[in-house]
Every structure is written in C-alpha cells, then in structure tokens.
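4 protein chains.
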Amino acid sequence: MFGVYGAPEAATLTYLGLYALQHRGQEGAGIVSAEDGNLSRFVGVGLVSDVFPKKKIHRLADLKGNMAIGHVRYSTYGSSSLRNVQPLSVDYARGAMAIAHNGNIVNGARLRQELEEQGAIFQSTSDSEVVIHLVARSSGERFCDCVAEALERMVGAYSLLATNGEEVVAARDPRGFRPLWIGRLGDAHIFASETCALDIIDAEWVREIEPGEIVVASSNGLESFKPLTPARPSPCIFEYVYVARPDSVIFGESVDEVRKRLGANLAKQAPVEADLVMAVPDSSNQVALGYAHAANIPFEMGFIRNHYVGRTFIEPDQSIRDFGVKIKLNVSRSTVAGKRIVLVDDSIVRGTTSKKIIKMLRRAGAREIHFRISCPPIIDSCYYGIDTPRRERLIASQMSTEEIRDYLGVDSLVYQTIDGMVEATGRPKEGFCLACFNSEYPTPRPHDFECSPRRRRNNDISNEPE
Amino acid sequence: MFGVYGAPEAATLTYLGLYALQHRGQEGAGIVSAEDGNLSRFVGVGLVSDVFPKKKIHRLADLKGNMAIGHVRYSTYGSSSLRNVQPLSVDYARGAMAIAHNGNIVNGARLRQELEEQGAIFQSTSDSEVVIHLVARSSGERFCDCVAEALERMVGAYSLLATNGEEVVAARDPRGFRPLWIGRLGDAHIFASETCALDIIDAEWVREIEPGEIVVASSNGLESFKPLTPARPSPCIFEYVYVARPDSVIFGESVDEVRKRLGANLAKQAPVEADLVMAVPDSSNQVALGYAHAANIPFEMGFIRNHYVGRTFIEPDQSIRDFGVKIKLNVSRSTVAGKRIVLVDDSIVRGTTSKKIIKMLRRAGAREIHFRISCPPIIDSCYYGIDTPRRERLIASQMSTEEIRDYLGVDSLVYQTIDGMVEATGRPKEGFCLACFNSEYPTPRPHDFECSPRRRRNNDISNEPE
Amino acid sequence: MFGVYGAPEAATLTYLGLYALQHRGQEGAGIVSAEDGNLSRFVGVGLVSDVFPKKKIHRLADLKGNMAIGHVRYSTYGSSSLRNVQPLSVDYARGAMAIAHNGNIVNGARLRQELEEQGAIFQSTSDSEVVIHLVARSSGERFCDCVAEALERMVGAYSLLATNGEEVVAARDPRGFRPLWIGRLGDAHIFASETCALDIIDAEWVREIEPGEIVVASSNGLESFKPLTPARPSPCIFEYVYVARPDSVIFGESVDEVRKRLGANLAKQAPVEADLVMAVPDSSNQVALGYAHAANIPFEMGFIRNHYVGRTFIEPDQSIRDFGVKIKLNVSRSTVAGKRIVLVDDSIVRGTTSKKIIKMLRRAGAREIHFRISCPPIIDSCYYGIDTPRRERLIASQMSTEEIRDYLGVDSLVYQTIDGMVEATGRPKEGFCLACFNSEYPTPRPHDFECSPRRRRNNDISNEPE
Amino acid sequence: MFGVYGAPEAATLTYLGLYALQHRGQEGAGIVSAEDGNLSRFVGVGLVSDVFPKKKIHRLADLKGNMAIGHVRYSTYGSSSLRNVQPLSVDYARGAMAIAHNGNIVNGARLRQELEEQGAIFQSTSDSEVVIHLVARSSGERFCDCVAEALERMVGAYSLLATNGEEVVAARDPRGFRPLWIGRLGDAHIFASETCALDIIDAEWVREIEPGEIVVASSNGLESFKPLTPARPSPCIFEYVYVARPDSVIFGESVDEVRKRLGANLAKQAPVEADLVMAVPDSSNQVALGYAHAANIPFEMGFIRNHYVGRTFIEPDQSIRDFGVKIKLNVSRSTVAGKRIVLVDDSIVRGTTSKKIIKMLRRAGAREIHFRISCPPIIDSCYYGIDTPRRERLIASQMSTEEIRDYLGVDSLVYQTIDGMVEATGRPKEGFCLACFNSEYPTPRPHDFECSPRRRRNNDISNEPE
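Chains as they are written, first to last, in this note's numbering: chain A, 64 to 529; chain B, 64 to 529; chain C, 64 to 529; chain D, 64 to 529.
Please note that the accuracy of each hint is not assured.
As the list claims (entries may be wrong) - Derived DSS-like pairs: lysine-lysine, alpha-carbon spacing no greater than 25 Å straight-line:
#: 1; chain 1: B; residue 1: K117; chain 2: D; residue 2: K127
#: 2; chain 1: B; residue 1: K389; chain 2: C; residue 2: K118
#: 3; chain 1: D; residue 1: K389; chain 2: A; residue 2: K117
#: 4; chain 1: A; residue 1: K391; chain 2: A; residue 2: K419
#: 5; chain 1: C; residue 1: K422; chain 2: C; residue 2: K391
#: 6; chain 1: C; residue 1: K402; chain 2: C; residue 2: K418
#: 7; chain 1: D; residue 1: K389; chain 2: D; residue 2: K422
#: 8; chain 1: A; residue 1: K127; chain 2: C; residue 2: K118
#: 9; chain 1: D; residue 1: K117; chain 2: A; residue 2: K117
#: 10; chain 1: A; residue 1: K118; chain 2: D; residue 2: K389
#: 11; chain 1: B; residue 1: K391; chain 2: C; residue 2: K118
#: 12; chain 1: A; residue 1: K117; chain 2: C; residue 2: K118
#: 13; chain 1: B; residue 1: K391; chain 2: C; residue 2: K391
#: 14; chain 1: D; residue 1: K391; chain 2: D; residue 2: K422
#: 15; chain 1: D; residue 1: K118; chain 2: B; residue 2: K127
#: 16; chain 1: C; residue 1: K118; chain 2: B; residue 2: K118
#: 17; chain 1: C; residue 1: K117; chain 2: B; residue 2: K117
#: 18; chain 1: D; residue 1: K118; chain 2: A; residue 2: K389
#: 19; chain 1: C; residue 1: K117; chain 2: B; residue 2: K118
#: 20; chain 1: C; residue 1: K118; chain 2: D; residue 2: K118
#: 21; chain 1: A; residue 1: K118; chain 2: C; residue 2: K118
#: 22; chain 1: B; residue 1: K117; chain 2: C; residue 2: K391
#: 23; chain 1: A; residue 1: K117; chain 2: C; residue 2: K117
#: 24; chain 1: B; residue 1: K118; chain 2: D; residue 2: K127
Claimed, not checked - Computed beta-carbon distance windows for the label pairs:
#: 25; chain 1: D; residue 1: K419; chain 2: A; residue 2: R216; range: 42 to 50 Å
#: 26; chain 1: C; residue 1: E513; chain 2: B; residue 2: K117; range: 38 to 46 Å
#: 27; chain 1: B; residue 1: K117; chain 2: D; residue 2: G428; range: 54 to 62 Å
By construction, these hints were calculated from the structure, which means they are not laboratory data. The beta carbon of each residue, even a glycine, is placed where N, CA and C say it ideally should be.
Please put together the full structure from these sequences, using the hints given.
If you want it as structure tokens, here you go:
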C-alpha cells in the first residue's frame, strides 16, 4: 500500500512504490490518482509488471494528478477477479472517493449483511467495499471524519489509504496489526507499508503511523487524529518472521536485525556440531547468517536460485511432476556433499515444500541435516490478513515435532520458542499478536459475529489477457 | 439484448444471439448466466468477437446454467470503460441479480442523485446501476415485483432484461421506444431485441412484448404483467430508418418492407430522369431497391464494399488523409461513368461522409447525382437511446435543404416528408416518436429534471488488451 | 500484390494497397521496403488488420524508403506458417533482395530438387524461395536480368514483384494467368494486381503488364522487356467469375460488366417464371443484377449479411452445429415467403454451402427455387493458383446436373455454358485458361515433372499471437 | 544449449533444460524436435517464459518426437530478430536438419562471403546459417561426417548441437572455449551446456565432451569421433568468473568452489580491517563468502534484491531517472550504517553500475568501502562469445586502477591478479583463454580474415507480441 500527496507524477511514484512492495501481494495491483477532485483508476490482476507491461506503461501518464494511492493485492478473502482489485473507487453524494486497505475485517460479513438489509448492493467481495459504503453513509464534516466514523464500526486488522481528491487519509487500526509509514519527498507526503518503498523513491523516513491514528495530508499540511476507541496494540509478529522485506524497518525495529537475532537465539537454544549453516532462500537468509555467526559455523549458499522463473513458470505436463521446486532451486553439490548441515527456514506451514527440499539435499549427498525453524510451530489460523491454511492443514496442529522430524527425514528438528521469538524483537510479549502460535486472538473471530448464510452469489469469469 | 430461460448452454445461445444483434452496439458485450441461483458474468469492451476471441471462447463453458442474459453496448451516455459494460451484476440482501437495458432513462441523473443522497455509491455511469439500486431497495414479494417497482420510478426509453437466477424478467417501457421479442426454442423461452437474433438459433417467433408489459420466465412458465402507469406508445421510427436489421420484424412490420416503401414513396414524391439507382451501402440498399422498382429505373451496385475492414482499419499516418471512407467503399467506374444517378441514403447527420462519397462518384465520372434521403431532415437530438450529435452539429438544423444540396455538390436533393415516412410504416402518425424530426418529445427531457451539477467523478483508465 | 517505386512512405501506400487486395489472400500479409539499398521486412499471418493491428501500426514507419513491395498470402501450396509469408527477403552475393509472387510454379518441386542437389537449403515451402535461389545463382548484369533468367526456367502461373533496393521489377508469366497493373501516383510508379488497389491511393491506371513482359522501375524510369520464351496467353477466366473484385478492370474488361453479362446470358439461356431474382452475397450480386435486368424480374436482397463476422467467428461448441453459414447470412422472410425465386450463385464447388443456403430459404417459406450458376460445372483441379479441392471432392465431377439439383433440393438448376461464359468476357475462347471447366491445361502439370519423393521435412509450429 | 536423444517428451525435457540455462542467454529461445525424420520447430524472442507463456505451453505437445535440441540466444553478433533465433532448421538434399550453437565463428563473415559467391542465399545474420550451408554442401557419408566436414572449415568458439531426425550430434571446437556436457536419463542421452541443466531433469552427469570431440547419439548408441585438426585447448576463464551458474561443474571444476577460492585469494592478496564483507548480488556471492571465511570477517547481506523485477521493469518516464539499479537492489541500512565494508564484485566492465551501487551504500551511511574484484582488469574485447563492449568502453583500458578507485569513490580498490585467478581454478595458465585480460588471442581475430565490405542488408522489423 502506497500513497502520495503533493507530488507531480504521483502515479509514477506510486508505481515505483508498489514495485518495492510486490512481496506483500502478487494477485493484483492498482493505482487511483486524483486531480482537481477527479479520480482516475487503473487496476489489473497479477504482478505490477503484468498490470503495467511495456505496452501499457504510458497509462501512468493518464493517471493525472499530484495525489495517488496504490495497492498490491494479497488474497485472503474474496476471489482474484478484477472486481476485487483495489483501490476501489466510486461516486457518491459528495463526489468521488477511493479506498485501499491491507488486512482483514473480522466483522466484514456482518457489516455487509447489515448494509444489504438497508438496500446496499455489492459488486465485489472485498471488504473495501464495506468501508466505502460506511463512508458514503457517514454524515461527518470532512472526508477524514467520515472515514473515521466508518472505521469505528470495523473490527479487525487494517492499514488503510483513502482519498476523495482533496485529502489523502491514512489509518492504522487501534491494534496496529499491519505496518504503515509516513515519508517525505521534498514537499510531498508519502505513505507506505514498509520503508523499502520509501527508499525506492529516495523519500525520507518520517515516522510510523501509530495504532489507532488517522493521518490526513491535504492543503492544510499533515494532520493527526486519534478518534478511534483505543485497544491494546498487537502488531503481527509474523511480519518480522516472514512478511516484511529484510531491508525494511517496521514496528520500530529493523527486520534484518530481528531475523539475525532469531538465528542467534536458535543457535544458543539448539546448538549442534556441523560443517555449515545454510538457508532455504530467500526469506531465511538473515536467520541463517545470525545462526552461523552465533554458532561460529561457516555460512554457505547450498541452494542456487533461478532468477528467471518468477511466477511465470508453467509446468508443461502431467507426466513430468514436481518440477515446481526444482525449477526455482538447485543444490550446489560441491557445497553439500558429505557435509553435516544446519538448514534454516523461516517457518513450516504444510511441510510439503520442506520435504522436497530436504530430499534434494539428501540426493546431493548431505550427510546430516539439522533443521532449524526461526519461529515456533504454527498451530492456528490467522484472521488478520495472512493466508494460512485451515487449521487441519497446518502440519504442527496435526503432528508432534518428533513426528514432523520423522516425516521430513531430518536428523534433528528444532523450532524457535515463543519467548525466544519475542525476545529477538526486543519488545514485550504483550506487544504482539501471537495467535497463530498460541491461539490467543486479540479480537473476536469472524464466526463470533452472527451472520445469516448466503445462498447466492455473483461471480466474474476472468477476462484478463492470458 | 438477448435472454434465455430454460435451455442448456444458455450462455452459448446468448453469444450467438449477440452476434446477430451486433449492429445494435459495438462498444462492449457481456453475458451473465445463472445456475442454482449463482450468477456468472463475463464482459469486455469491443465487438462480440473481441470479447470472445478464439483463445477465450472456452469461457462460454464457464458461464454455466440454463438461463442467461446478454447485452451489446451502444454508447449514448457514460464512458466506454469496462465498468459500464452490461449486464451489471451485484450481490444484495436477497442474493444476486443482473440487469441489462437498451435505451436511455431521462430522469437517470435525478434518480442517481436521490439515491446518493440516501447513501448509495456508484461504480459505473450506466443507468443500469440506478435500476439495480432501485430493485435492491424494493420490498416487493417476487423479484419481478421489485423490478416493476423500480421501473415505475423511471422515465424514458428502456427495454430491459433482468435475472436473479430464478426468474428472467423482460420489460418494455410504457411508451415502447425500443423493440423486444419473445421467442421459443423447444421448451426454452427466449428474449431478443430483434427477430434476426431468434433466427440465428432457429427459435420460433412468438410475439413482441407490449409497451409497458413485464414478462417473466420462471419455473411457473411464462407470465405477463402490466403494472406500470400506461402512456401513449411512441416507438422510435428511426429503428425502421436505420437501427434495425432489414431481416427483422419490429413493431409489427418487416423492416425490409418498410424500407422498400420508403424508397417507393421517395420515387413518387421526387421523380427524376436517370440511368440508374444506387445505394450508399448497406443500410439504404432496400430503400434504393424500392425506389428503383417504383421508378422503373435499373438498380445498380456502384459502390463495392471491402468486407475485410470492419472496425479494425487504422489510419497509419497524419500525412495520408481521408482514407476512412475509401478503405471501406470503392466506386465501380464502369457502372457510374457518364451516368445520371439517383443516389439513395438512409439519412444525413453531419453531412461529412456524404460529401466524401459524392466526391468519389464525381471523380469516377458520374454525370448527374440526384440525392434522395429515406427520412426527413434530422433537426433535433435524441434522448431515447440514439447517439445523434448535439443539435448544432446536425447539418439540417443549420442549413436549408438548398444549402445542403450546394454543400454536398449534388444536382438535386430531396428528403422524405414526415408524412411519407409514417405512411411507409403502415401505422398512424401518433404511434411513433418523431422527436428528432419534429422536436416533439414524448417525455420530459433530461434537463427538465432538477439535478445539482457534479463536481467530481471517478474514471477508469482502460485496461483492455490492445 | 502491390509495389511502389519512388514515393515517400512507400510502405504505407503498400499497406493501403494490400487492404484493397485482401480478397486475393487472407492467410498472411507482408511488406518489404527499401532505402539506400537496405531492405526492411515486416510480415505476419492472417489478415492485413491482424498483421498491422492498432498497436503495431507504427511499424509502418520502421519500413523506411521510397520503394516497397507487398503481398497477401492465399494458400495453395505450403503451410500457413510465418516462414511462408511473402515477400521473402535474403542476403546474397550482390546484396539484398526480396520477392513476392502470385500463382503456382508447376515445376517448382522439380527446380527445388535440382537446387538442393547443388547444395541449396530451403527454409520455407514457398515457390518464392525457388525463384530467389535462381536469381542468386544468375550471372545476369542487372538485377532485372537475373530475375528474367530465373523466370525463364519456371513453368506455370506467376505475377511477380521483386526488388534489390535499386529496382522494382514486375513480371507476368508468358501465359498471363494472373493480372498485374501499372499505375502512377505523381512521379511514383505503382504495381498492383487489380485496379481497385490503385483506386484506394488515388493512383492513375496506366496499363496492364502484358503476358511475358518484365517491367522495371528504377532511376532510369520505367523500362519494359520481353525476354521470356513466348507462349499463347491464357489468363484465368475464374478471375472474372469469382476471384477479382467487381470494381476492378482486369484483362481489359470491367469485372462488374462481365458479371452482369454472365447474368444476362443465364437469363436468356435459362428463363423461368419467377417473382424475384436474388444473389448469394456478395460475389454473385452483379450476376444476379444482370439476370434480373435481362429477365425483367425484380432484383431483391433476400439474404442479409452480418458485417461483423469476418473471419473472427468461432463456433463455440460441438453441440451447436452448422452456425457457420447462419452467422454470416440470414434470410429476410418477408422478401422470400411464398415467392418463386431465381437464386444466383457464382459457382458450385463442393455443394455443401449451397445446400445449407437453400435449406434456409425453404425454411423461410420460398415456394420455388430456381438455381442459376454463373459458370459451368467445375470438373477438374487448378494448378495455377486457385485452391480448388482435389477432383474427387468437386461435386460436378461426381454427379450429373440432375443429381446435383436433386441433392441441393431445388426446383431447377442451370449452369452457364462454357461458350456463354467466354462470350460474356467479350474475348475469344482461345484467350483463356478453361482447365477447371474442360480439363485442357495450358502447361504440363506438376506430376509431369519427374521428382523424387521427399522423406523428411522441417515444419514450424505456429508462434503467432492467438 | 540442450539436447535429448531417445526420450519421449524430448521437447518438454528440453524446455526444462533451457529454463536452467536461461542465464546463458535471454534474447530468444527455441526448440526443434524430431520424429520419423520430420523436424518440428518453435522459436521466439525473449526469455523461455516469454516464448512459452501459459497460453502457448501446449505447443510443447506439438513438438513431437523422442529427440530434440534447444537453444537460448545471447546476442553477440546479429540482430535480435526472430530470424536469428536458434535452432535454425532447413530442408536440403538429404531431408531436413537443424543446428544450434554457442560461441562465435571468427571467420564467419569470410565463409559467408565465399558461400554467397557460390550462389548461397542467407536469411539470417546468424553463424548457424553458415554452418548449415557447409553441412548441406558436404558429401560426407553420415550426417555427423557432414557436420565434421563443416566444422573443419570453421575457426573460433563453438559448442554445437545438430540433428537430422536420425542422429543428434554434439561438438566442441578444438580449443574448447565453451562447456558441453553429456548426461543420461534412463536410456536417453542428454547434452547440456552446464550440469545445472542435467540436475533439473534429474539426469546423471556422464562426462564433459572434450575439446575437438564430436559425439553422436543415434540408434547405434553413443559414438565419439575426433576428426578435427587439434589445437591447444583454451577454455574461457570468464565462464568461472561470471557466465556459468555456481551450482554447475564445468571444465572439471565446481564453479562454486572456484569462486570461493577467488575470494580467498583476494582476502590474502588484499587484506583490510573491516566490519563486514558483502557482495553485489548475485554473481559475486560465492566470492564474498570465500573472502569472508578466509579473512574471518562476518559475511553480511547488505543488499536486498527485489525478486519480482526480472527483465520486466520498464522505467516509466524521462523525468524519473536512475531507477534501474534501485528497483532491483536496496540497501539494508541497519546492516551498513557506520560500518567499514569490504564490497566484492565479480568484475568491472564500464564502471557505471558500480558507481551507482557505491553511491547507494554511501547514502545509507557506510563508513569505509573497500572494493574487491574477483578478476583482473578487463582490457580487451572478446571474439569468442562474450558480449564485452568495444575496447574504448572498457574502463580498465582507459584508466589506471587508482583513477578507477577515485571515479567510483571507494576507499580502496583491488583487482585479482591473473595468476591469482588462474590459481583459483586449480589448472595451469596455458589451459585458458585469457584474452580479455591479457590481449593474447588463441586464434586469428575476425578482421584478420579478408572480407569485402557489405553494401546492403535485409532486416526484419520485429513482429513479436509486445
């Protein structure tokens, strides 16, 4: 999520910012810019480079205006059709508005039902449309007041950007599940999920928006409000473990440094005699480095990644199976053959990819494999914006660690402890949502909100370029 | 506009029907099918063949269900972006629904403003979204009751198809501006704007829906209602002159026969000594035949049409001008050189194309050109679904017939009279909207409805395959 | 086939010319332009509008130079892959050259084999590559001499354009099977298969190239040579019947006029009492007009053509059959119901399409159908560039006229006589190739040239945009 | 370059192999398969994933047969048009053949001229077409004999695969500039430029083809010949430095290990007091690891690579400059701020990218930057298949090391020595081509072969999907 107020070529800056945030969502991308109160919108399914290929890059010039908000879609709820790609923009009584958000609204279905009962129609399955309806029905004085009034009714995780062509409004939910930064580029105000997106346009890091804070950029400059009912902050610790880019700073800490400390903790907690430490690229690189330095065992790159694959590799045929992993990673035999290896990964979800990777290492002659996981076992679902599978599909909810070790075929398997993980962040345990690790949810869950079942639904058949 | 209730492969039948109705709109096409109350939607900009090219034809199989409604978009209001392509489908309190309509709602902007004042949001500029809001807010018992309640509030021209996955509802406005047929294919009920679309799927012609009638196809069979406040019917006479396909029957008469009588009337009204009668292809062919037979002058094909052009010809360069007409039509010199010609056209709007065509004839050696127009001078705008330009751009609102004759460079120019035109239809004068010819509008006009000016608007930048 | 010497934007003029010649070939299109002796080439499969869609129209600007040759591909020999699209261009000892041709070389396979035995390699299955090899091996002084030397070895039907970036060479084979015109646009020399392509760029018609003549446009102006061994001219009479556009003049006569005389002859030869005369659109329109005028029976348009179909209609499903014809044509019921009809078509090849069309007429209520064919029965294959099927698939080689009448389900069926057809051209019988009607071939046939069978072949899998 | 003999789905295996070899060429990709002596070819411009996108993956099934050869194009000579994409396939006197090669033929232009003087025509500017002509003109008994006869006339660097649908022939030039492996998958014989491509299909590594060796896979099994005039082997040392993937073994050594030794040598040769060692990702990762381990300085990842960029990033606008590097790499500030850094890169060519990278490090707060280069200064052009710019553009041919250090703005700059580089390979100095480092070319250079200048040329305007 990326926003600009007050810069010429705001859409182009947003396009660059979305490139830097691509890791946060690969299913769709969109930009809404504004000029003289008129909004222009361009969205598409797929990566930023799918939505803005060479032959469409000139569309950026059509996105006129000195303010813009942009979004990359990560699907946790709703289909991947074009209708669900954000930002969503509409006309309403006071003109036009556009909204984009990260996260999940746990009472979204309930609010949708209430709105429908009042005659509202829905064209997407995105929660953003719920927010937009609430804003449109608000009688607040300024646009930001209406946004605040809408947010007050929403329970869950959201970082949000909205614009009506006069203001750009940025908000974090009172628990602050997802990150959101304020930056500055000359006279322009920038909003970005992570600092890496400020870096790409050479913007200055100003500060993080606080949980429950609403920040408005307008001709009045930058204003801050705290109109929402406060709650105990509980940022998502999994942002440090997996989601965020290592070169970003979020929730006050460098992701890179937290990951190195996760590795160092693992080394202290589960030492082992070995010839080398290696990572499953790329999200565990920093953890493995931290482990290697702490354990004083050489860090090596035993896997080589094919940089030309991306999301474009298509498995050609039913008869040739399991190329999915091999096409992306290959083992460097000379590095691993005959070696005792500490293999570090960020997390284990289903366990299927880990199994393939370990098999590749064995085939290449690894003598011992000691598997170290930077976070604790994932035992429960996330309702706040991370697409973990249903509980039953989480390997750690179904097997003991010893059973998992056996299933994966490794010599030893050690997970990080919850305390070790929290300690690596340098912040108190109460300061995080740890629900996927300990089933303690900071809010009611979706099924806690009464809602009648839907009987019918309209769906779009995808009409994208193939 | 085409609809099916009760046939397997309803979407495929609709696809074929839309092909036959392509002349009614070339800016977008879409189909919504329904199965078990779930709607599936596929829409795109351009021709039916652009929306369903070879590589996407399999999408028809994704449009499951035994009922479907389809639409080809002809733009008179709202931009050509994907958002405006019909049918529009939404979720609302009672499930899902989809709506498509032809024509224009003259109080559409007024209704939109009222809805917005009640908190409604709009994602398109299409009047269909207004209808959908009104249906969603209705408390009628059945879906068709809700549609009726919505239509009662709408003033203007509409033929409409709607479905909620249980019923397919078809309606004509009380004045019956646009045609709408009921057909039958085995046990299935078919709805189509013109009979040519029934022919393409070998469906039986049952009857035309009457002005103000609502017809519902459901598990109850076919039901008819007349819940709307009646008005004097005023079908659009321009459907006979230009819009409809000659092989269709509408408003009770064969278009083909009406056009031949238009030609015969012209021959009687404006006889001239000539060697041949020829048409500006293709909409005036039947008029020219009627003229030729009545005047006993040979009908000839002096223009040859290039069938490979369609809408795909792109003028390559600024330096090579005016190929637009020549690439589509060429004169057969041997036919026209040295001849006295009666040239027949359906109508004159701006006059610019006529001027080019007449110049081509002169260059090819035509000795005399007597220009005969199948309808009277067009002097005013249409607010009921025909995209005539603003009054000032209509040549007949700016010049006398003699001035136009001089501007076009023809030896004589005769327009049909209003009475002659009406007489050719075989129906009484009171039975038609003649507003573009005589400025007598059957309804208030859009600016007669009070409406505050819009300050802001959201627009989609087109993201179509290019 | 279209060529330009001496005009700026030669490629753009060629693009326009190819549009006008699209009816001569729909499987591929290409242009080679030349500037300072460097050739630039752009080719693609499909229609001109497929090869130069909106997003590629700027490629015309890359085709620099004031000379160009262009081609539309009609497949009679060789696959439709990109490799076979003409013009073909190569580098050889004296620089670069490009060649395009219409027609068929009956000793092409034999020449290819001889060249391969001398070490030549072939990248296409097009005869143009044979010509190019022969030119490259010639020791003639000028480029046009080398072309002449190559052509002297070739037997068959060809109209040809070639350029080496200094000269544009145009040639017709000694029998003159296919047409080729010289035009003039300001100071530029134009070559075109038909006059309709001269018309589209407003070029003056100069004269037709004669059988066996080679015309060279260069800085010397226009030069004419007759270096080839003369033969009795035998232009293809089927050009008048079907191939050429009615607005063209070829072989000295207006196609339009010849077709009207074909119709008039039929009327005299096979009169019948009827209510109307109608054509199977569009190639028989002029024949039907000629018949109607001569028989004094009204000409009517009983079929309405859907102009939006073109080649893009894709039949969606196995279960919905035979839409191929119905999607293109519909019957106007009011015109044909209860009527005695003279139905005119240009020719009958397999008879399958005729059968469908007649069935449509019967369903629409036609009382009598008298089928009149503008040419005699087609009983044998063409080896000169027309893609007639193998002898066994020609209905007239398998059935008597009475059997065909019965098969088609018409009340009467009359073909033109050979003498009637020739008489309509206004030229002597000896002046035409009539082989498909009387099996008298003006040259040896392909199998008369000894040639060893090929065992292996390389093929391109199509890589075109889909 | 990848080849298969004797496996069903040979084309699909080749497709996978090309994916693993994508780093060796990104400008085009193609596959020719063979069945019953018939060749099928599919080629395109761009990456393997551009040539075989989702909608074309079914083309693999059209590439029938149990043998195939494939190629990824790296442009050093000839334009990137479709004509130049390999493998090239042709028909000739004995049937069909296809050829692909890596490297450069230094007497290619001379041979082309000789062939043209004998009447040959050329449709590409690729040296492969020269080879094909020579093979077609050979009178050798078997296909492999003809290939050998052709290769005997060729001077330069080539690893080559060829097939006539009966044999797959693999060859390395007598000096063995480029790598080429033999693998085995069940009963099938595999050929691949590097072992990483054998790994991807789980093929066994058999052995490297020797310099000057020709290996033939056919129904006779695998045969080896050494018909070419021997020369002193001189494999390209730059394959170790930059070209090959680290997980491959080539020229008898693991690339990974050689790179680590290059790093260790640098550490010994140019020690410095520092806080961390980091690489310019990704080709110098192993060198940096080797340096860090030898110097006992922590290895860190100071640059984070954006994995979603690939080749698809398009700079949107003239006004926003220099995003090329920043979009791919970002600095992790917490890692580098205030630190003394050893920055390792594989090589410096022009120096422009290095300058940008160093500027990014400085902006992020790096205190000292000590730049270490894994190879010696590049001072001369390559004529053997690496696309180094012309001598004048090589920074090391224009500036002293001190001048370069100053230009780049680093605290110290040390290049590897030639002896250090060779020593890291574990092989004798005479065993390599070091021409780009010491200007000693193992063969005559292109301009040493007399050749008349070309005056004219034919070029294809690209017709690729955009």
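To see whether the hints hold, each was checked on the structure:
1. K117/B / K127/D: Holds: K117/B and K127/D sit about 24 Å apart, inside 25 Å.
2. K389/B / K118/C: Roughly 22 Å between the alpha carbons, so the hint for K389/B and K118/C holds.
3. K389/D / K117/A: Within the cut-off at roughly 19 Å; holds.
4. K391/A / K419/A: The given pair, whose Cα atoms are some 12 Å apart, holds under the 25 Å limit.
5. K422/C / K391/C: holds (15 Å)
6. K402/C / K418/C: holds (19 Å)
7. K389/D / K422/D: With a Cα-Cα distance of about 11 Å, the restraint between K389/D and K422/D holds, given a limit of 25 Å.
8. K127/A / K118/C: holds (23 Å)
9. K117/D / K117/A: holds (19 Å)
10. K118/A / K389/D: holds (22 Å)
11. K391/B / K118/C: Since the Cα atoms of K391/B and K118/C sit roughly 21 Å apart, the hinted pair holds (cutoff 25 Å).
12. K117/A / K118/C: Measuring from Cα to Cα gives roughly 12 Å; hence the hint holds.
13. K391/B / K391/C: holds (19 Å)
14. K391/D / K422/D: holds (15 Å)
15. K118/D / K127/B: holds (23 Å)
16. K118/C / K118/B: Status holds; Cα separation ~19 Å.
17. K117/C / K117/B: Holds: K117/C and K117/B sit about 19 Å apart, inside 25 Å.
18. K118/D / K389/A: holds (22 Å)
19. K117/C / K118/B: holds (19 Å)
20. K118/C / K118/D: Judged against 25 Å, a Cα distance of about 20 Å means the pair holds.
21. K118/A / K118/C: Measuring from Cα to Cα gives roughly 8 Å; hence the hint holds.
22. K117/B / K391/C: Holds: K117/B and K391/C sit about 17 Å apart, inside 25 Å.
23. K117/A / K117/C: Holds: K117/A and K117/C sit about 15 Å apart, inside 25 Å.
24. K118/B / K127/D: holds (23 Å)
25. K419/D / R216/A: 42 to 50 Å: Holds, since K419/D and R216/A (Cβ atoms, about 48 Å apart) stay within the stated range.
26. E513/C / K117/B: 38 to 46 Å: Taking Cβ atoms as reference, E513/C and K117/B lie about 43 Å apart, which means the hint holds.
27. K117/B / G428/D: 54 to 62 Å: Hint holds: Cβ distance 57 Å, inside 54 to 62 Å.
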